[in-house]
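Here's the letter readout for the chains.
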Amino acid sequence: AFQRPVNEQKELLNKWNEMGTDEPDLSLFRPVYAPKDFLEVLMNLRNPNYENGEQPSFKNHLGLIQVPLKVKDIPELKEDFSELGLNIGQLGIDDSAQVPPEFFENEHVHVGQKVLAEQDSAAAQQYVRQGCPTALRADLWALILNISNQPEDILYYEQLKSNVIQHDLLVDSLIYKDVKLTASNDDYYFVFEDYLYQVLLCFSRDTSVLEHFTYSSATPPKSYIRGKLGMEEYAVFYPPNGVIPFHGFSMYVAPLCFLYHEPSKLYQIFREMYVRFFFRLHSISSHPSGIVSLCLLFETLLQTHLPQLFYHLREIGAQPLRISFKWMVRAFSGYLATDQLLLLWDRILGYNSLEILAVLAAAVFAFRAVNLMEVTSLAAAEAVLADLSTLKVMPLLQIFLFATVT
Amino acid sequence: LRIMAGKVKWVTDIEKSVLINNFEKRGWIQVAENEDWNFYWMSVQTIRNVFSVETGYRLSDDQIVNHFPNHYELTRKDLMVKNIKRYRKELEKEGSPLAEKDENGKYIYLDFVPVTFMLPADYNLFVEEFRKNPSSTWIMKPCGKAQGKGIFLINKLSQIKKWSRDSKTSSFVSQSSKEAYVISLYINNPLLIGGKKFDLRLYVLVSTYRPLRCYMYKLGFCRFCTVKYTPSTSELDNMFVHLTNVAIQKHGDDYNHIHGGKWTVSNLRLYLESTRGKEVTNKLFDEIHWIIVQSLKAVAPVMNNDKHCFECYGYDIIIDDKLKPWLIEVNASPSLTSSTANDRILKYNLINDTLNIAVPNGEIPDCKWNKSPPKEVLGNYEVLYDEEMAQSDGTDRDLRGRPGQSAGAKGSRARDSGKPVLTTWK
Chain A
1 AFQRPVNEQK
11 ELLNKWNEMG
21 TDEPDLSLFR
31 PVYAPKDFLE
41 VLMNLRNPNY
51 ENGEQPSFKN
61 HLGLIQVPLK
71 VKDIPELKED
81 FSELGLNIGQ
91 LGIDDSAQVP
101 PEFFENEHVH
111 VGQKVLAEQD
121 SAAAQQYVRQ
131 GCPTALRADL
141 WALILNISNQ
151 PEDILYYEQL
161 KSNVIQHDLL
171 VDSLIYKDVK
181 LTASNDDYYF
191 VFEDYLYQVL
201 LCFSRDTSVL
211 EHFTYSSATP
221 PKSYIRGKLG
231 MEEYAVFYPP
241 NGVIPFHGFS
251 MYVAPLCFLY
261 HEPSKLYQIF
271 REMYVRFFFR
281 LHSISSHPSG
291 IVSLCLLFET
301 LLQTHLPQLF
311 YHLREIGAQP
321 LRISFKWMVR
331 AFSGYLATDQ
341 LLLLWDRILG
351 YNSLEILAVL
361 AAAVFAFRAV
371 NLMEVTSLAA
381 AEAVLADLST
391 LKVMPLLQIF
401 LFATVT
Chain B
1 LRIMAGKVKW
11 VTDIEKSVLI
21 NNFEKRGWIQ
31 VAENEDWNFY
41 WMSVQTIRNV
51 FSVETGYRLS
61 DDQIVNHFPN
71 HYELTRKDLM
81 VKNIKRYRKE
91 LEKEGSPLAE
101 KDENGKYIYL
111 DFVPVTFMLP
121 ADYNLFVEEF
131 RKNPSSTWIM
141 KPCGKAQGKG
151 IFLINKLSQI
161 KKWSRDSKTS
171 SFVSQSSKEA
181 YVISLYINNP
191 LLIGGKKFDL
201 RLYVLVSTYR
211 PLRCYMYKLG
221 FCRFCTVKYT
231 PSTSELDNMF
241 VHLTNVAIQK
251 HGDDYNHIHG
261 GKWTVSNLRL
271 YLESTRGKEV
281 TNKLFDEIHW
291 IIVQSLKAVA
301 PVMNNDKHCF
311 ECYGYDIIID
321 DKLKPWLIEV
331 NASPSLTSST
341 ANDRILKYNL
351 INDTLNIAVP
361 NGEIPDCKWN
371 KSPPKEVLGN
381 YEVLYDEEMA
391 QSDGTDRDLR
401 GRPGQSAGAK
411 GSRARDSGKP
421 VLTTWK
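Line order of the protein sequences matches chains A and B. Sequential numbering from 1 applies to the first sequence in the UniProt record's numbering. Sequential numbering from 1 applies to the second sequence in the UniProt record's numbering.
Misleading hints may appear alongside valid ones.
Said to hold, decoys possible - Derived DSSO-like pairs: lysine-lysine, alpha-carbon spacing no greater than 27 Å straight-line:
(1) K371/B - K265/A
(2) K228/B - K180/A
(3) K82/B - K114/A
Claimed, not checked - Computed footprint of chain B on chain A, listed as stretches where at least three residues anywhere in the stretch have a Cβ under 8 Å from a Cβ of chain B:
(4) 147-155
(5) 202-210
(6) 255-266
(7) 370-380
Source of the hints: derived by calculation from the structure; they are not laboratory data. Just so you know, these numbers come straight off a predicted model, no measurement behind them. The beta carbon of each residue, even a glycine, is placed where N, CA and C say it ideally should be.
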């Protein structure tokens, strides 16, 4: 961490809204890790305490994850996600052009407006399980996440911003690099490049984020004052928020830019989404919404319900998780069209769980099963699944959970 | 029995793969200009020759071309403004409610073109207007050029002294149309997204002007500047801030070849609905459709409605920060160059859908046909305005009571009843 000289501070303040055009030399930087590196770590997790004599079924697990966590099966998922059932109205299905709005949409919008008028956070969470109308989504999410953008919140954000202006951190370069590699090249999100810097640079300095480590099984990395390595009195968390961004991290923020154009509100929404959900996607834990459980859930669903496909892909060296992992780690951001992604994230908020990501990943494989059965290499399998931008997530989920013979 | 008989014979002087691939995939046969042809996709220079008095080209019933003879009534910046002004005055004279004005004398429904003057002819009128608002910025555009060439911004009269001199010279100094400029009030409060200025490119196909039948391509796009917008006078010379033309932006340092600075109109709609609400978004898109139709109605009376012709226009529209759309210009020959992979696909499909409408069934055309394609062939086009249907539609409103429904995401709803969405304006 360096304190910036005064003229540099002034310059950065002037350019705060257009950091996208201010390119530092990033050629020597590489992302700290990418999802596939993380997958290698997860594949090698073992539980030395585990005695698997009582669970013969797990011995037959042929996927990459070898940690026997408990995951749900389809009957349990159907119960949990009952609002996605065939006889219940959904946005993402029942608002399409062929369906008259009187059937579902109008009433649903009306209920959403009432929920907002009453500022009922619990009701909002229940409501969004059937999807948010686009015009109400920003407010509904804020209600569920308890973000009200009070003056003290705005002040806190401004304080973080001034921290950015005053001090330069090494992790800033990682953030620039990540944005330039991902969001800047994305058809949907390139427009918001400058907002991403504004959010992420502040995020890395936000020590309130450290609080989430009380319920995360990760530990924030520490740094020691020069010459005092190992001496706890001289340790600080680095970066200040304890989160080192990995390749693709900025994609957690990007979709939110479609909803919030006021920087401090955008910031708070993102921070809350991170400490409630996203942190589980890149840290190792046994939590049912943690990435390890999601991977196992995905593999189990596939192996149980599409065994032929699973065995075929495994035979040709294309373990399904190798392809779907990156989707889940990013909560599908950058893979789905934005309107579909937002419908998916509606359900993450509504069910307060990330399991839907694993279910969707399995549903995508089920949808493209015919083509996948014909491929003979990992590269060919990747190609079949390279472009998800035309997928409609709600029909896929509904069919997989409720209309597939199990 | 020649196998070739019955295949459309095509010519073009625009060497673009999106065109040629479309001709070839229909099994059409390429011929030379001096041979018998059925379909000629021509540049605007060529259409001048085809219909000029000297060459006296007579097109036969089985020949179709992609421009109207005097398209420049719409596509030259000065003539477009002239025709719209004339149209408004006519409506005012006949007491039409469309020509209603507000308390400041501004047209309520027909104020969609920024205040514009021709130079040097209207120089004095311009000066009068300029002095009412001396801190305003104006944009100078050459009448006959495209791709942002020759455009510059001014905020002082001294910057256009040359046209003052020209206006005072005697009348027999020929003012070649190459020197003619239009000067328009610059929209210095454009709607910004992500801090950047953008404009809209929409494609509109006209198959006939009288009766007016036009189609809007659903897959338009936004073109973003690579540099953050500022109205600051110190940046008036920075074309990367102000001009959205891809031809200009692609030379900027930050131009990205993957997305090309382009956003789909559906992204725009999603963003606006999410941040501004559904009603104002629907209203914006309704207004955009409205101004396109009004611009076509304005030129319809002076257009040579030659039955051998159709035309696909590129409309440029800017939205200001009050969500009001402004018609900037109409292009007769929208670029068929592709700046990105997505762009290539879009333009390929655009030509494909255009040909499906203009040349029914891909067969040798008969220009006497009624130009009413069945809705199955529209592809990504939807009916924007059909004058015949609108007139027969007077008493029969079967649009499920959706006034002001835009032909956006839900356009197909009204299409099911076979009627254009926008006759509700009447």
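Against the structure, the hints come out as follows:
no. : hint            : in the structure
1   : K371/B - K265/A : violated (53 Å)
2   : K228/B - K180/A : holds (17 Å)
3   : K82/B - K114/A  : violated (50 Å)
4   : 147-155         : violated (count 0)
5   : 202-210         : violated (count 0)
6   : 255-266         : holds (count 5)
7   : 370-380         : violated (count 0)
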